[in-house]
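With the hints as your guide, set chain S onto chain X.
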Amino acid sequence: MNLVTNNKWIGQRTIRPDGMDKVTGRAQFAADTTMPGMIWGKVLRSPHPHARIRSIDTSKAEKLPGVKAVVTSKDIVDFPIEKGAVMLGIQDMRWMCRNVMARDKALFPGHPIAAVAATTEAIAEEACKLIEVDYEVLPWSIEIDDALKLDAPILHEFNKFDGKPSNIVGRLEHKKGDIAEGFKKADIVIERTFTTRPVHQGYIEPHACLISVAPDGKTTIWSSSQGQFMVRAMTAYLTGIPQSDIRAIPAEIGGGFGGKTIVYLEPLATLLAKKSGRPVKMVMTREEVMRATGPTSGSKSTVKIGATKDGKIVAAHGTFYLQAGAFPGSPIRGAAGCSFTPYDIPNLLSEGYDVCSNRSKVAAYRAPGAPIGAYAVECVLDEVAEALKMDPLDFRLKNAAKEGTKAAHGPVFPRIGYVETVEAAKASPHYAAPLGDGNGKLRGRGVASGFWFNAGGESSAQVNITEDGNVVVTTGHPDIGGSRAGIANICAELLGIDYRRVSVIIGDTQTVGFSNLTGGSRVLFASSMVVTQSTEKIIQTLRERAAKIWEIDPEAVKWENGAAHPASPNAGQFEPLTLEELAEKAPAMGGPIGAGVQLNTQGADGGFGTHVCDVEVDVDLGIARVIRYTAVQDVGRAIHPGYVEGQLQGGVAQGIGWALNEEYIYTKEGKVDNPGFLDYRMPVCSDLPMIDCIMVEIPNPKHPQGVKGVGEVPLVPVMAAVANAIYNALGKRFYALPMSPPKVLEKLEAPMQEAAE
Amino acid sequence: MTELRYLAPDTLDEAVGAFAKAGSAARILAGGTDLLVQMRSGVLKPGVIVDIKKIPELTAIEQTADGGFRIGAAVSGMALAEHRNFGKVWPGVLEAVNLIGSKQVQGRASAGGNLCNGSPAGDSVPAMVAAGAIVTVQGPDGRREMKVEDVPAGPGRTNLKPGEILVSFTLPQRPPGSSDAYLRMIPRTEMDIAVVGCGVSLTVKDGIVTSARVGLGAVAPTVLLVEDAAKALIGSKLDDAALAKAASACSAACRPIDDKRGTIAYRIKVAGVLLKRTAAIAAQRATGK
Numbered sequence: 034m035n036l037v038t039n040n041k042w043i044g045q046r047t048i049r050p051d052g053m054d055k056v057t058g059r060a061q062f063a064a065d066t067t068m069p070g071m072i073w074g075k076v077l078r079s080p081h082p083h084a085r086i087r088s089i090d091t092s093k094a095e096k097l098p099g100v101k102a103v104v105t106s107k108d109i110v111d112f113p114i115e116k117g118a119v120m121l122g123i124q125d126m127r128w129m130c131r132n133v134m135a136r137d138k139a140l141f142p143g144h145p146i147a148a149v150a151a152t153t154e155a156i157a158e159e160a161c162k163l164i165e166v167d168y169e170v171l172p173w174s175i176e177i178d179d180a181l182k183l184d185a186p187i188l189h190e191f192n193k194f195d196g197k198p199s200n201i202v203g204r205l206e207h208k209k210g211d212i213a214e215g216f217k218k219a220d221i222v223i224e225r226t227f228t229t230r231p232v233h234q235g236y237i238e239p240h241a242c243l244i245s246v247a248p249d250g251k252t253t254i255w256s257s258s259q260g261q262f263m264v265r266a267m268t269a270y271l272t273g274i275p276q277s278d279i280r281a282i283p284a285e286i287g288g289g290f291g292g293k294t295i296v297y298l299e300p301l302a303t304l305l306a307k308k309s310g311r312p313v314k315m316v317m318t319r320e321e322v323m324r325a326t327g328p329t330s331g332s333k334s335t336v337k338i339g340a341t342k343d344g345k346i347v348a349a350h351g352t353f354y355l356q357a358g359a360f361p362g363s364p365i366r367g368a369a370g371c372s373f374t375p376y377d378i379p380n381l382l383s384e385g386y387d388v389c390s391n392r393s394k395v396a397a398y399r400a401p402g403a404p405i406g407a408y409a410v411e412c413v414l415d416e417v418a419e420a421l422k423m424d425p426l427d428f429r430l431k432n433a434a435k436e437g438t439k440a441a442h443g444p445v446f447p448r449i450g451y452v453e454t455v456e457a458a459k460a461s462p463h464y465a466a467p468l469g470d471g472n473g474k475l476r477g478r479g480v481a482s483g484f485w486f487n488a489g490g491e492s493s494a495q496v497n498i499t500e501d502g503n504v505v506v507t508t509g510h511p512d513i514g515g516s517r518a519g520i521a522n523i524c525a526e527l528l529g530i531d532y533r534r535v536s537v538i539i540g541d542t543q544t545v546g547f548s549n550l551t552g553g554s555r556v557l558f559a560s561s562m563v564v565t566q567s568t569e570k571i572i573q574t575l576r577e578r579a580a581k582i583w584e585i586d587p588e589a590v591k592w593e594n595g596a597a598h599p600a601s602p603n604a605g606q607f608e609p610l611t612l613e614e615l616a617e618k619a620p621a622m623g624g625p626i627g628a629g630v631q632l633n634t635q636g637a638d639g640g641f642g643t644h645v646c647d648v649e650v651d652v653d654l655g656i657a658r659v660i661r662y663t664a665v666q667d668v669g670r671a672i673h674p675g676y677v678e679g680q681l682q683g684g685v686a687q688g689i690g691w692a693l694n695e696e697y698i699y700t701k702e703g704k705v706d707n708p709g710f711l712d713y714r715m716p717v718c719s720d721l722p723m724i725d726c727i728m729v730e731i732p733n734p735k736h737p738q739g740v741k742g743v744g745e746v747p748l749v750p751v752m753a754a755v756a757n758a759i760y761n762a763l764g765k766r767f768y769a770l771p772m773s774p775p776k777v778l779e780k781l782e783a784p785m786q787e788a789a790e
Numbered sequence: 049m050t051e052l053r054y055l056a057p058d059t060l061d062e063a064v065g066a067f068a069k070a071g072s073a074a075r076i077l078a079g080g081t082d083l084l085v086q087m088r089s090g091v092l093k094p095g096v097i098v099d100i101k102k103i104p105e106l107t108a109i110e111q112t113a114d115g116g117f118r119i120g121a122a123v124s125g126m127a128l129a130e131h132r133n134f135g136k137v138w139p140g141v142l143e144a145v146n147l148i149g150s151k152q153v154q155g156r157a158s159a160g161g162n163l164c165n166g167s168p169a170g171d172s173v174p175a176m177v178a179a180g181a182i183v184t185v186q187g188p189d190g191r192r193e194m195k196v197e198d199v200p201a202g203p204g205r206t207n208l209k210p211g212e213i214l215v216s217f218t219l220p221q222r223p224p225g226s227s228d229a230y231l232r233m234i235p236r237t238e239m240d241i242a243v244v245g246c247g248v249s250l251t252v253k254d255g256i257v258t259s260a261r262v263g264l265g266a267v268a269p270t271v272l273l274v275e276d277a278a279k280a281l282i283g284s285k286l287d288d289a290a291l292a293k294a295a296s297a298c299s300a301a302c303r304p305i306d307d308k309r310g311t312i313a314y315r316i317k318v319a320g321v322l323l324k325r326t327a328a329i330a331a332q333r334a335t336g337k
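Protein chains in written order, with our numbering: chain X, 34 to 790; chain S, 49 to 337.
For reference, chain X alone in the conformation it holds in the complex (with noise of 0.2 Å):
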């Protein structure tokens, strides 16, 4: 591979080929598909978070003028528990069986029990209040210590932890040294306990389909989703359909961050049309969003730090209890793999327990689990920087992974950024600037360090040159952090053309080889290495065409600047020829000229992060606000800044809120009190200063264009950074999420109430 050092398209801020669309309002997302005949499908969810399913009658729903079709779990197929595991990339068809439709149990309020299609939206609801249920009741538990409690009502009796039935549905460790006798050499050790809750990724778009089955069994799925391929395999094995015979068709996508990369909706609306020989769209309302689809765990952590008097770190140790909701499956190998990672810690212990309780299946979220464990690690770490009184940067630095440091999920680390980026965050003009005068207000500052794994796997590129001489390269991957502008962007560079003549489109499962789904920040890593392998293949025959027409050697013909010419004066005098040309002498000189490469992608680096805060309170109110705030992170190279940047800013923005005002709030009753956005608190744009971003670029020396994720790891450090920063501001600690005005307040009148009594 090729190292490209000829940079005229990458690193430009290109104008997205998505965006027009979005702006005008034409890109069609997944609910803006309609069919001649189509009818609509809707679930029956439970109303309980705990209940066994006696019976269902759908009867009085069939016949309801105007029902077409019921479904209930009977018409999904079965992966029976005690048959083990039957993975398809992190998810379990067991479980997903299970949570696109509850068999023997509901396991939250929000589980479907059944689904109807019917001509119109009203009949199909009406039908749903027409299945009769019979519910045996059963107790419930939504928080980490009441499902852990000895008496706790376990949701999967199978399962056993230490020999007994638990709700504890899996653990896991990362090791490294041993922490006991490190312990002992810690002139400073701290231990703190740390809450977050379960917070939703929020996207705009709801979840969404529209499905048609012919009456010979081929399937056609219109459906917003992270991943068309996910999509296909997955309605394949809980429909019993054939890959072969489901094409899923990605829709544009409003927002995913990790929760579009499981189904709901499909399964169901595939066998409603397979049952009523209809097209039937399915759109959630944002109660639905809510109520029942994964937002992240909720979690529990404590972590210990112990460090000696010159500030190295000689021992940690972090336990991370996750909300898993009603599937085993919650990330705790993002909360204990990556919150110890951007430090060199001799001796440490890292675990992980994945706990299951009534709410709703956790799905990923943005670095799924490492900012649970960033915020509990980060906010100890600025505890032990000022006991020993050091400067929070200058603590990281000094103790900071480089290469060659060993990581305890594994890896030896080659050349890493995470140096690079405490360093431009302490030489930021953010970090050199007063806080100035808060007008009443108290101002405060916070740093903290993240760490994300990112990801390579498969993927799938076709490049084609059109008969006019322009580019059309198919990709399999759903956009949605700006793939198709970076590898236009790439493309155009390898050819030497303008970028606006490569048009990147994202092909259907039918068109395009397999390619995973988006997620792990995996994608432009991923299809820019298959899209280049691709362009250079053309570039190749672009040269062997050349090569014949001068009839000179193959290698006599250099690709530059968008044509073809000879290598050097000894190989011939020859008017350039271009692309365009080429193309139109294509069909006399070899045919359509077009290149196809699918692998599976190695190499991924993992991406650091260092980000500073600086926050206002409003004491009397209790309402801190973000001010400022700088991303620093190591991007390996960003290939289209704009989009770089862009990440960071969501990360960051989404962030916030998870620190601030983000949070599901539950009823007596174990029902979520607050689905919908009024009451879920996402911070609008006035609640958010600028975020200034600085990208530190370290390229990854195994991608061609040195590219590393980078859309995860701006969420990571954010809830440590924000909580240290209203540390800085009010002299207190808060260990709890979100730090909302009313527990702000509370905390701030502590003292007060202390002396009154």
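Do not rely on the hints blindly, as some may be mistaken.
Derived list of chain X stretches under chain S, where covered just means 3 residues or more per stretch with a C-beta under 8 Å from a C-beta of chain S [unchecked claim]: (1) 646 to 658; (2) 709 to 715; (3) 767 to 778.
Note that these hints are calculated values from the structure, not bench results.
We put the beta carbon where it would ideally sit given N, CA and C, even for glycine.
Just chain S now, with coordinates in the frame of chain X:
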């Protein structure tokens, strides 16, 4: 499924007739920014919708002969903001009306709808209460006037009689040295619902408060007129002691609930904080200092 009839009469008499005839199945549509949301979420399924925006009196802003204002119940926030004089005389009422929903919602949302929605957290209501607004309602038995604070009956309920439609708000003329202000506490900076809202209207003469009214929202089942807070301000120079007394009166008037939006303790404390801040802004506007 349920039939829905939409009526948009040109006269108030027609509207009252149709509304009364349809009984409890009917709903009035002004801006629709609450009604349509409630219908979409399935909370409400009206059989008849009477749109009042085609009735001239309901969308008019009139400066009365004595210098007061009459504002049609369906006047949108944007229309009120664009009026030449209203915001100069009643800046607090205007800022409260303009806090209903987002910028986009402001093109539709009205003070009349905000009041009749019956939410204790409606932003315009505490400011209207502080302003001493009188509302005109018309029903099958004719017209009558009510104090604005007498309209809400509880969350989602009003004291309007069956068939009665809110027609307009009348705000009195203002003596020199008068102004008002509205502040609310929300966790975000916009697009949010008041955890506590506070409206204060003042007249200041020679540095002394000669009259005052205080409206408090989201701390009780209905928006409150807090007379004890007003009493604490009247006769004072808005010194710290007077403000503290008025703040205590606001906190004492609170009968809040613990819910997803705030705790009882938080709301009680914040009511007092907001009184002090709102009174300071109103006084600054009234005295030009």
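Task: Within 8 Å of chain S (C-beta), three or more residues of the region 767 to 778 of chain X - done: holds (count 4)
Open item on the list: Please verify the coverage claim for the region 709 to 715 of chain X: does it have three or more residues whose C-beta sits within 8 Å of some C-beta in chain S?
Closed with: holds (count 3)
Task: Three-residue Cβ test at 8 Å for the coverage of the region 646 to 658 of chain X by chain S - done: Held - the region 646 to 658 of chain X has 5 residues with a Cβ nearer than 8 Å to chain S, which meets the minimum of three.
Comparing the model with each earlier hint shows no violations; every hint is respected.
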